[in-house]
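Chemist: From first to last, the protein sequence lines stand for chains A and B.
Just so we're aligned, residue 11 is where the first sequence starts under this note's numbering, counting upward by one.
Just so we're aligned, residue 127 is where the second sequence starts under this note's numbering, counting upward by one.
These are computed hints drawn from the structure, not numbers from a lab.
Backbone N, C-alpha and C define an ideal beta-carbon position, used for all residues, glycine too.
Among the hints, a few may not be true.
[Said to hold, decoys possible] Some but not every residue of chain B turned toward chain A, in silico, with C-beta under 7 Å: (1) ALA142; (2) THR144; (3) GLN175; (4) LYS177; (5) PRO182; (6) PHE184; (7) ALA217; (8) PHE218; (9) TYR220.
[To be verified] Computed from the model, here is a short list of chain B residues facing chain A with C-beta under 10 Å: (10) TRP204; (11) ALA206; (12) LEU265; (13) PHE268.
One-letter residues, chain by chain:
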Amino acid sequence: MNYHQVFNDEVFPLSDKLYRFSLSIVRKNDIAEDVVQEILIKVWEKREDWKNWRNMDAMLFTMTKNLSLDKLKNKNNQLYTIPEGYDTESDSAGPVQRVISRDVERIIDKAIATLNEVQRMVIHLRDVEGYTYQEIADKTDLTMAQVKVNLHRGRLELRKKLQNQL
Amino acid sequence: MENKDLDILVQKYVEAQTTPEEELVLKSALTERKDEYDDLQALFGYFSQQKSIKTPQFVNPAFQESTPVKRKVISMQWVAAAAAIAIMVVAFFYFNQSNAVTSADTFTDPQLAAENALKALEILSSEINRGQSIAADQLKEFENLNKYLNIF
Numbered sequence: 011m012n013y014h015q016v017f018n019d020e021v022f023p024l025s026d027k028l029y030r031f032s033l034s035i036v037r038k039n040d041i042a043e044d045v046v047q048e049i050l051i052k053v054w055e056k057r058e059d060w061k062n063w064r065n066m067d068a069m070l071f072t073m074t075k076n077l078s079l080d081k082l083k084n085k086n087n088q089l090y091t092i093p094e095g096y097d098t099e100s101d102s103a104g105p106v107q108r109v110i111s112r113d114v115e116r117i118i119d120k121a122i123a124t125l126n127e128v129q130r131m132v133i134h135l136r137d138v139e140g141y142t143y144q145e146i147a148d149k150t151d152l153t154m155a156q157v158k159v160n161l162h163r164g165r166l167e168l169r170k171k172l173q174n175q176l
Numbered sequence: 127m128e129n130k131d132l133d134i135l136v137q138k139y140v141e142a143q144t145t146p147e148e149e150l151v152l153k154s155a156l157t158e159r160k161d162e163y164d165d166l167q168a169l170f171g172y173f174s175q176q177k178s179i180k181t182p183q184f185v186n187p188a189f190q191e192s193t194p195v196k197r198k199v200i201s202m203q204w205v206a207a208a209a210a211i212a213i214m215v216v217a218f219f220y221f222n223q224s225n226a227v228t229s230a231d232t233f234t235d236p237q238l239a240a241e242n243a244l245k246a247l248e249i250l251s252s253e254i255n256r257g258q259s260i261a262a263d264q265l266k267e268f269e270n271l272n273k274y275l276n277i278f
């Protein structure tokens, strides 16, 4: 197995997706960045084990989920106050095509922050990344039924909150 | 799209029962409606925006670790084999050469061999004598020349 080629073709290009996924859980740019960099190093170091991994893509997401949840737990234990909503980039950070206003974005950020981690990550994987229910189940170690239940509850909750504020 | 159909589709979406195709239909149907589904429209806008957020530059650990250069190690077995071949080649040439020098006996009868050897020696001694007499003549000539030179 050519480890360099597999890593460069199948693992490293997923960095952006893994970062967004981690960000949906931890909601802090620097923590999500640390998580993904740590995962990349860990996966490279474990290259001898790749042959035993049934699904590389799902494994990467599962590892990212677990580490993100660990970091979130550590931060919460340290009484770290996570700001409400996502820690979004500043305007100068890069060209983001604006579809909704900053105000609306902030309201949605706050609404999403009130959801639990599982609801946040399944909504992210479905509505932002566009994965199928089965792919989400593989990536998160949940059953398909759990994926759908969490999506349903998360979307219901979001609609309720947004209908009051928009 | 009829209001009733849209309501059903929204319901399916919230219940996580829609296919990706149905979700696309729902998104495009909502852009034409700006009333009761404002929240969903804003949510879809938010989701599409999330996909284009700036992501940091990550360090690729596979690039960091340079591939180790394999040092060429010649095993002792190969050295031994090469030495053995060299010895055999040298030995082969050495024995070939000594065979060429040693001449085989041509005479079976010892008396005949002795007679021939005697003849050969006689020829050799007569030739040596001839050479000596020529050398003596030449020496005389040279001495004469010296005498004349001394006079002048």
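Chemist: All the hints need checking, so say for each whether the structure fits it.
Modeler: Hints and how they fare:
A hinted interface residue such as B/ALA142 counts as satisfied when its beta carbon comes closer than 7 Å to some beta carbon of chain A; here the least separation is about 4 Å, so the hint holds. The criterion of a C-beta within 7 Å of any C-beta in chain A is not met by B/THR144, whose closest approach is roughly 10 Å, and the hint is violated. Taking 7 Å as the C-beta cut-off, the interface hint given for B/GLN175 holds, the closest approach to chain A being about 5 Å. A distance limit of 7 Å between C-beta atoms decides the matter here; for B/LYS177 the minimum to chain A is near 5 Å, and the interface restraint holds.
With a cut of 7 Å, the hint placing B/PRO182 at the interface with chain A holds, because the nearest CB-to-CB distance is about 5 Å. With a least beta-carbon distance of about 5 Å to chain A, the hint placing B/PHE184 at the interface is held under the 7 Å criterion. Of the supplied interface hints, the one on B/ALA217 is violated, with its beta-carbon coming no nearer than about 49 Å to a beta-carbon of chain A, more than 7 Å. Evaluation of the B/PHE218 hint against chain A yields a violated restraint, the C-beta minimum of about 48 Å exceeding 7 Å.
The interface hint given for B/TYR220 is broken, as the beta carbon of that residue sits about 53 Å from the closest beta carbon of chain A, more than 7 Å. With a least beta-carbon distance of about 29 Å to chain A, the hint placing B/TRP204 at the interface is violated under the 10 Å criterion. The interface hint given for B/ALA206 is broken, as the beta carbon of that residue sits about 36 Å from the closest beta carbon of chain A, more than 10 Å. Evaluation of the B/LEU265 hint against chain A yields a violated restraint, the C-beta minimum of about 92 Å exceeding 10 Å.
Using the Cβ-Cβ criterion of 10 Å, the hint placing B/PHE268 at the interface with chain A is not satisfied: the shortest such distance is roughly 92 Å.
Checked against the numbered hints given earlier, this structure breaks hints 2, 7, 8, 9, 10, 11, 12, 13; the rest are met.
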